[in-house]
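Peer 1: Chain order of the listed sequences is P and Z. For the first sequence, the working numbering begins at 66 and goes up steadily by one. For the second sequence, the working numbering begins at 248 and goes up steadily by one.
Hints listed in this document are in silico derivations from the structure and should not be mistaken for laboratory results. Treat the hints with caution; some may be incorrect.
Label-pair distances were calculated between CB atoms; the ranges are [unchecked claim]: (1) P/178 to Z/729: 19 to 27 Å; (2) Z/249 to P/102: 54 to 62 Å; (3) P/383 to Z/611: 23 to 31 Å; (4) Z/606 to P/177: 56 to 64 Å.
Keep in mind it's a predicted model, so treat the numbers as computed, not measured. Ideal Cβ placement from N, Cα and C applies to all residues, glycine included.
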Amino acid sequence: MDYEALRFIWWLLIGVLLIGFVVTDGFDMGVAALLKVLGNSNDERRVMINAIAPHWDGNQVWLITAGGALFAAWPTVYAASFSGFYIALMLTLFALFLRPIGFEYRAKIDTEQWRSRWDWALTAGSAVPAVIFGVAFGNLLQGVPFYFDDILRLHYTGSFWALLNPFALLAGVLSLLMIVNHGATYLQLKTEGELKARSEKLSSILALVCAALFVLAGVWLYSAIDGYSVTSMIDTNGGNRTTEKTVAIASGAWFANYAKWPLLWLIPALGVTGFLICALASKSRRHILAFVSSALALAMVILTVGVSMFPFVMPSSSHPAHSLTMWDATASESTLMIMFVVACIFVPLILAYTAWSYFVMRGRLNEQHIRDNSHSLY
Amino acid sequence: MDIVDLSRLQFAFTAMIHFLFVPLTLGMTFLLAIMESVYVMTGKTIYRDMTKFWGKLFGINFALGVTTGIAMEFQFGTNWSYYSHYVGDIFGAPLAIEALMAFFLESTLIGLFFFGWDRLSKEKHLAVTWLMALGTNLSALWILVANGWMQHPVGSVFNIDTMRMELTSFSEVIFNPVAQVKFVHTVSAGYVTGAVFVLAISSWYLLKGRDLAFARRSFAIASAFGLASALSVIVLGDESGYELGDVQKVKLAAVEAEWNTHPAPAAFTVFGLPNAETQTTDFALKIPAVLGLIATRSLDEEVPGLTELKAQHLQRIIRGQEAYVLMKQYRAGDKSAATVARFNAVSDDLGYGMLLTAYTDDVANATAEQIALAVDASVPKVWPLFWSFRIMVACGVSMLLLFAFAFWHSAKRTVDKPKWLLKFAIFSLPLPWIACEAGWFVAEYGRQPWAIGEILPTHMAVSQLSVSDIWFSLATIAVLYTVFVIIEMWLMTKYAKIGPSALHTGKYDLESPVAKEA
Chain P
66 MDYEALRFIW WLLIGVLLIG FVVTDGFDMG VAALLKVLGN SNDERRVMIN
116 AIAPHWDGNQ VWLITAGGAL FAAWPTVYAA SFSGFYIALM LTLFALFLRP
166 IGFEYRAKID TEQWRSRWDW ALTAGSAVPA VIFGVAFGNL LQGVPFYFDD
216 ILRLHYTGSF WALLNPFALL AGVLSLLMIV NHGATYLQLK TEGELKARSE
266 KLSSILALVC AALFVLAGVW LYSAIDGYSV TSMIDTNGGN RTTEKTVAIA
316 SGAWFANYAK WPLLWLIPAL GVTGFLICAL ASKSRRHILA FVSSALALAM
366 VILTVGVSMF PFVMPSSSHP AHSLTMWDAT ASESTLMIMF VVACIFVPLI
416 LAYTAWSYFV MRGRLNEQHI RDNSHSLY
Chain Z
248 MDIVDLSRLQ FAFTAMIHFL FVPLTLGMTF LLAIMESVYV MTGKTIYRDM
298 TKFWGKLFGI NFALGVTTGI AMEFQFGTNW SYYSHYVGDI FGAPLAIEAL
348 MAFFLESTLI GLFFFGWDRL SKEKHLAVTW LMALGTNLSA LWILVANGWM
398 QHPVGSVFNI DTMRMELTSF SEVIFNPVAQ VKFVHTVSAG YVTGAVFVLA
448 ISSWYLLKGR DLAFARRSFA IASAFGLASA LSVIVLGDES GYELGDVQKV
498 KLAAVEAEWN THPAPAAFTV FGLPNAETQT TDFALKIPAV LGLIATRSLD
548 EEVPGLTELK AQHLQRIIRG QEAYVLMKQY RAGDKSAATV ARFNAVSDDL
598 GYGMLLTAYT DDVANATAEQ IALAVDASVP KVWPLFWSFR IMVACGVSML
648 LLFAFAFWHS AKRTVDKPKW LLKFAIFSLP LPWIACEAGW FVAEYGRQPW
698 AIGEILPTHM AVSQLSVSDI WFSLATIAVL YTVFVIIEMW LMTKYAKIGP
748 SALHTGKYDL ESPVAKEA
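Please model the entire structure based on the sequences and the hints provided.
Peer 2: Right, dumping it as C-alpha cells:
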C-alpha cells in the first residue's frame, strides 16, 4: 500500500471515528440534554439517565479516540485546530468535565436540590459540546485565519468571538438539534409510557427542523460562502509540503467535487431523507427505524462536510497556501501504516464487545424498575 | 508569567490532579477482580458484597479520573501545539493505541461491572471485572510508552523538510527501556495505592468494631496484595535508578545532588541540604558506594556530576547553534548539498541549539553570556528534585513496613489486630498519593529544560496563545477542579463511613438508620 492510499484511508478512518462518536455519544448527550425537557419527575429523569448509564462512558471514548487518532494521523491538524480554537475547546472541556461526575454523583445524595444541580450540569455538559462542535465545523467551512512561520510554528490570528458568526451559529444550532433528536430516538427504544410518547412527539417535529436547517445550511454555503481549491499539484505520495502549494478561494468551490462526481449528491440527499424518515417513523412508532434513520442522517451530515471540503480539512483564510489538507498534513507513511494495522485489529473487536454490552443491557426501563433498584442504579 | 510558565503550570496542575485518581483506579480494579474471584471460587456472598462496596468507592474515584483525563488528551493540542506538530508522528501513536486497545475496553466494561450484576452469570461478570482491570493497566502501559519516549526519545529521526521528528522504529519506541521500567513501577504504585486505601478503611472499621467479618477479609486481601506490590515498586524503582544512570544522567545527578564527578563507586547521599550557590551539599550524610551500585551496577564506573555534564552541554550547545543556523538557512531556501551535509553533521544537537532561543532571537550571534545562561539552564534545579525523591522513598519504605506487619498479622490470623497497627494503617492513607505525586514530580521536573529529552526544549513546545487566554483557562480549571475534589472527598468519606451498609443488603451493622436516612 502506498502513502497516497494510506492518506486516503486515514481520511476515511477519521470520518468513521467522528461518525462513531456522533452516533453513539450523540444519543447519550442528547438524552442528557433533554433531562429537564422530557423528564417531568425524578423517577422519569432517572429512567432517562439509567437508559444511558451503562454506555455513556464507552461512547465517550469515541471522542477520545478521534482526538488520539487526529494526533497520530494528522498531528499538524490536531495542533492547529486544538490551539486555534483554544477558548472554544476549553469551554468544551469544562462542559465535558461535568458529565462523568454528574452521572456518578447525582444519585449519591437523595435531596431535590442536589439532584437538580446535577441535572443542570448534565444538560450543560452535553449541550455545550454539541453546539461548539457544530460551530467549529461551521468555521472550518469558511476557513480560519492562521499561518506557519519558517520553522512551521503555528500562529492563529483570529479571536474566539469571530468564531460566533451567523453561518457557524446555524451549524451550532443544527448540531445541537441533531444530537437532541438522536437522544429522543434512543429514548423511544429504551422507555415506556408517557416518556416514550413525549420522545416520539419530539422527534417527529425535531427531525423535520433538522432537515430544514441542513438544507438551509447547504443553500447558504452555495450562495454566500467561498470555498477553497488547490491550484498546484500536490505530491500525494511525497512528504508533507504543507506551505508550498497554491490555493484559490472561489465561490462554489465547495461544490466542485459534486460537479465532478454527481453520485456524491446521494450523501446529502440521504442525510435529508434520513431526517424525514426519522420524523415519519417516530410518528408511526417504529422505534428501531427512527433510531437507525437518525443515525444515518448524522453520518451523512458529517460525510457531507468532509466530501464538500475534500481534500481540505482546515483551510486558512488569511494564508490560503498554508491550508491543511489530508494530503499534506499527515503523519509519516510508517506511522499511518502502523496505526492502520492497529485500527484493523481493534475496531472490529471494539464493535463486537460494544454490541455485546448493548445486548446484555437490552430492554426497556420503567419507573418501577428504578424504584426497585434505587440503591444500585444511577 | 509568560505563556510558557502559564502553560506549564496548567499542565502540571491538571496532571497532578489527574494522578490523584489514576493510581487508585489501577489498584482498585485489580483488588475488585481478586475479591470477585474469591466470591466465584468460594460462593461466599460476603466477597460479592466486598466487590460491590469497594466498587462503589472505586466508582466515586473513577468519575473524576475520567473527568480529569479528558483534559490531559486535549492539552497537548491546545497548549503545546508545536510539540504536537514536532513529535506527533511518534507521540500520537501510543495515545491513539491506548484509546483503541485499552480505554474502550475499560470504559465499555465498567458499565457492565456496575449494572450487569443481575444480567450476567457469575463467571461472565467476573470476566468483565478482569477485563476492566486489564483495560486500565493496558491504558497505563501506552501512556507510559508515550511518556518514556519524552524522557528518552528512541526510534525516530529529524526530518528538516517537514520540520519534525518522524518514526523509524516503532518496536524501539515500545520496548524503550525507560518506558518498560516506568510502566511496572507506576502500575505497582497504583496497586499499593489501592491496597493502602482498602487497608486503611478496613482498619478504621476494625478499630470501631464494626462489620468485623467484612473488614477482616478486606484487610487480609489488601495486606497480601499490598506487600507484593510494595516490593515490586521498590525493586522497579531501583531498576529506574539504573536506567537513569544509563540514559538520563542529568536527572540522576540532580536527584542525587551530585555536583561533581567523584571517583567510582559513587556514594549515596541519604540526607543533606543541596546548596546551588556553592555547588555543594551541606550536612551531607553519605553511604559509600551505594549510588554507584544503583546507577551503574558496578564498583568501577563513575556517576557523572552536574559540573561535568554541563561542560558536555556547552560543547553540544555550540554545535547546536550551528545546527540551528543551518536549519534556518535551509528553511529559507538554501538547499545546497553543502548546507545539507554540514547540517547533517551537527543535526543531533539541534535541540541544544534551540535552548539558545530562550535568550536571544539571533541565535547565530549569541553572546558568550547568553550561551552561559543556556548552559546553566540545561540542568534542572537540584533541591526540589533531591527532596521530592527522598519524600517518595520515605513514603515507600514506610508503606512496605506497614504491609509487612499487616501481612504478618493476617497470616497469623490474629483475631484482634493490635491497635497501633490499625492506627498505623489509618494514618498511612495519604502516603501513596504523596509518593505518587513526588515521583511524577521527579520524573517530569527532572526532565527540564526539555519537553522531549535533548530534542525539543519546553519553551519551544508551547502554542502561541495570549497570556489572557491561558489565565482564563487556568483559573477556571483551578476553580472547577477544587470544587470537584472537595465534592469527591466528601462523598468518599460519607460512603466510607456508611460502609457495606450502603449496599442495603440488610446484613450490615448500620443498616436500619442508614436505610431511613437515604
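Peer 1: State for each hint whether it applies.
Peer 2: Now the hints, each set against the structure:
1. P/178 to Z/729: 19 to 27 Å: Given a distance of about 21 Å, which is inside 19 to 27 Å, the answer is holds.
2. Z/249 to P/102: 54 to 62 Å: violated (45 Å)
3. P/383 to Z/611: 23 to 31 Å: Given a distance of about 29 Å, which is inside 23 to 31 Å, the answer is holds.
4. Z/606 to P/177: 56 to 64 Å: Holds, since residue 606 of chain Z and residue 177 of chain P (Cβ atoms, about 60 Å apart) stay within the stated range.
In summary, the one numbered hint that this structure violates is 2.
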